[in-house]
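*Asks:* What follows is the residue order along each chain.
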Amino acid sequence: MEIGLNHYLVLSAILFGLGLFAMITRRNAILVLMGIELILNAANINLVAFSHFGGMGVDGQVLTIFVMILAVAEAAVALGIVLNLYNNFATVDVDEANTMKD
Amino acid sequence: MPYTTILFYVLAFITVVSAVVVVFNKNVIHSAFSLFFALFAVSGIFVLLRADFIAITQIMIYVGGILILLLFGVMLTTKITDIELRSKNLNTIPGIIFTVGIISILVFIITSTKWHVKAPVVNEETVSQIGKMLLTNYLLPFEIASIVLLVALIGSAMFARRIKD
Chain A
1 MEIGLNHYLV
11 LSAILFGLGL
21 FAMITRRNAI
31 LVLMGIELIL
41 NAANINLVAF
51 SHFGGMGVDG
61 QVLTIFVMIL
71 AVAEAAVALG
81 IVLNLYNNFA
91 TVDVDEANTM
101 KD
Chain B
1 MPYTTILFYV
11 LAFITVVSAV
21 VVVFNKNVIH
31 SAFSLFFALF
41 AVSGIFVLLR
51 ADFIAITQIM
61 IYVGGILILL
71 LFGVMLTTKI
81 TDIELRSKNL
91 NTIPGIIFTV
101 GIISILVFII
111 TSTKWHVKAP
121 VVNEETVSQI
131 GKMLLTNYLL
141 PFEIASIVLL
151 VALIGSAMFA
161 RRIKD
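As they're listed, the protein sequences go chains A and B. If you read the first sequence in our numbering, its first letter stands for residue 1, the second for the next number, and so on. If you read the second sequence in our numbering, its first letter stands for residue 1, the second for the next number, and so on.
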């Protein structure tokens, strides 16, 4: 059986669901970040698959590059925030950090 | 069965199993290393979609950059010998029900839609096309992305600095 567009879209849907699950159930802030990375990867697979099967050239791949740039910026800033959280609260549990100053 | 089909199923299997380990493992370090395999397999998926530049960029940026950054985050915020490295879950059963619902709705939508699929264009090389696109049609987003990266660089350096008072 030939691999079509649906196969890639279903794979990306499963990755999106797993990333969403990590975001809503894990309490470690770094694991929440890993969930966000999984969701961004699912979006990248969708973009590249539509670009390949839609016969539209490389527009989807250029958009994928922009998504990657934003993922890098987000990871750097978020890790700075997580380090500050650890310095202030001595934990990275997102449930514990419920006040604006200690 | 053509070999690309087998390759797709192998790569999809590695991706999904690694992502499941990332999500369900108790140990944060194991999750980070499992994310490594998931990102590598996604890069293989990009190769199957004939996006060679994106595949290499995926390995360089995600595996070489973001994953190392996440590992730094894990090691700076947890003590390796401590029990603190294990992370607990919250609301697991509602989360599983919600996630399975979302995935089944998405799969139903994907399989019931009549997608407008053309015969895949086999690009000779995508690097030169992407380069031309970035400097013609997508010039403004390209420049804005450079400003975003500069702002993120300065901002994260400001955040991570330990303020002595």
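Hint data in this document are derived by calculation from the structure and do not stem from the laboratory. A couple of the hints might just be wrong.
[Unchecked claim] Simulated restraints, written as ranges between beta carbons of each label pair:
#, chain 1, residue 1, chain 2, residue 2, range
1, B, 112, A, 87, 46 to 52 angstroms
2, B, 92, A, 98, 16 to 22 angstroms
3, A, 95, B, 52, 39 to 45 angstroms
4, B, 4, A, 99, 51 to 57 angstroms
Owing to the predicted nature of the structure, the values given are computational and were not obtained by experimental measurement. From the three backbone atoms N, C-alpha and C, an ideal C-beta is built for every residue, glycine too.
*Asks:* Using the Cβ atoms, figure out if residue 95 of chain A sits within 39 to 45 angstroms of residue 52 of chain B.
*Replies:* 43 angstroms, holds
*Asks:* Indicate whether the distance between the beta carbons of residue 92 of chain B and residue 98 of chain A respects the range 16 to 22 angstroms.
*Replies:* 21 angstroms, holds
*Asks:* Measuring from beta carbon to beta carbon, are residue 4 of chain B and residue 99 of chain A in 51 to 57 angstroms?
*Replies:* Cβ of residue 4 of chain B to Cβ of residue 99 of chain A: about 54 angstroms, so the range 51 to 57 angstroms holds.
*Asks:* Measuring from beta carbon to beta carbon, are residue 112 of chain B and residue 87 of chain A in 46 to 52 angstroms?
*Replies:* Holds, since residue 112 of chain B and residue 87 of chain A (Cβ atoms, about 50 angstroms apart) stay within the stated range.
The structure shown violates none of the earlier numbered hints.
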